[in-house]
Amino acid sequence: MNRNYLYINCQSGIAGDMFIAACIDLGVDIDYLQSELKKLKIDEFSIKAETINKKGIIAKYLKLTVNDTANERHLSDINNLIDKSSLSDAVKILAKRLFFNLASAEASVHITTIDKIHFHEVGAMDSIIDIIGSAICLQQLRILGIDEVYCSKIPLPSGTIHCNHGEISNPAPAALKLLEDFDMYKVPIKKEIITPTGAVILKTIVKEQKDFEVFEKEMKAKNIKMIKLGYGAGTMELEKPNVLKLILFSQ
Numbered sequence: 048m049n050r051n052y053l054y055i056n057c058q059s060g061i062a063g064d065m066f067i068a069a070c071i072d073l074g075v076d077i078d079y080l081q082s083e084l085k086k087l088k089i090d091e092f093s094i095k096a097e098t099i100n101k102k103g104i105i106a107k108y109l110k111l112t113v114n115d116t117a118n119e120r121h122l123s124d125i126n127n128l129i130d131k132s133s134l135s136d137a138v139k140i141l142a143k144r145l146f147f148n149l150a151s152a153e154a155s156v157h158i159t160t161i162d163k164i165h166f167h168e169v170g171a172m173d174s175i176i177d178i179i180g181s182a183i184c185l186q187q188l189r190i191l192g193i194d195e196v197y198c199s200k201i202p203l204p205s206g207t208i209h210c211n212h213g214e215i216s217n218p219a220p221a222a223l224k225l226l227e228d229f230d231m232y233k234v235p236i237k238k239e240i241i242t243p244t245g246a247v248i249l250k251t252i253v254k255e256q257k258d259f260e261v262f263e264k265e266m267k268a269k270n271i272k273m274i275k276l277g278y279g280a281g282t283m284e285l286e287k288p289n290v291l292k293l294i295l296f297s298q
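In the working numbering, the protein residues as written are 48 to 298.
In case anyone wonders, no lab produced these hints; they're calculated from the structure. Remember, it's a predicted structure, so these values are computed and weren't measured experimentally. Accuracy of the hints is not assured; some may be wrong.
Unchecked claim - Capping the alpha-carbon separation at 20 Å, the derived lysine to any residue pairs in SDA-like fashion look like this: (1) 110 x 81; (2) 131 x 92; (3) 275 x 100; (4) 233 x 287; (5) 237 x 286; (6) 200 x 238; (7) 131 x 121; (8) 95 x 112.
Could you put the whole structure together from the sequences, leaning on the hints where they help?
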């Protein structure tokens, strides 16, 4: 059986929608993704991937439209949604791990317990789709359970961002908590380039951080070849291309 290795280059940050878009560019079938997400039995939604140009980089951009009236959800609500679906056990397990890690970070920064955490932005259906969609993408890429994921150092922006709690530091405290064991470096950007959904993906699936040059050299030494690149575009315009880069290696 082939083993796949995924390298996440997040020099422009990471968000859940960027990760899914990059996975689609890498080869995940968007029709398959949509059919799997419909197993959640949620209100009507639409998911499309457009090909756009981000400062010379051709990337996929995810357009998600949802009909969602819920103001907030608890972890138990989201777990119930996942459990009642007909998604595969592997996707359910990973999706619930992602939400548990996110709830743990939120509980830590708000000094409360996981069961009392109520998600606002992350409890919205678009964020739920981002996280569960990421789990589906990982399964289709054959990364789930048997393979390894690595990532670059993570850019640390500054300033403040607006959320339901008002003005908070950038990145959001929960995102920063999730990445407390990761190497980060300061960048002169005052926009939210690291979101909680992006941070929890890294926290949950990344085995180790390595500079790409080191990682690529190790892959070559093991005769493991780079087989495909995937770019997922963010909404904001930055001085450099606002894209998340996924690099797939296979043995």
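Status of each hint after checking the structure:
no. : hint      : result
1   : 110 x 81  : holds (12 Å)
2   : 131 x 92  : holds (18 Å)
3   : 275 x 100 : holds (19 Å)
4   : 233 x 287 : holds (15 Å)
5   : 237 x 286 : holds (12 Å)
6   : 200 x 238 : holds (18 Å)
7   : 131 x 121 : holds (16 Å)
8   : 95 x 112  : holds (9 Å)
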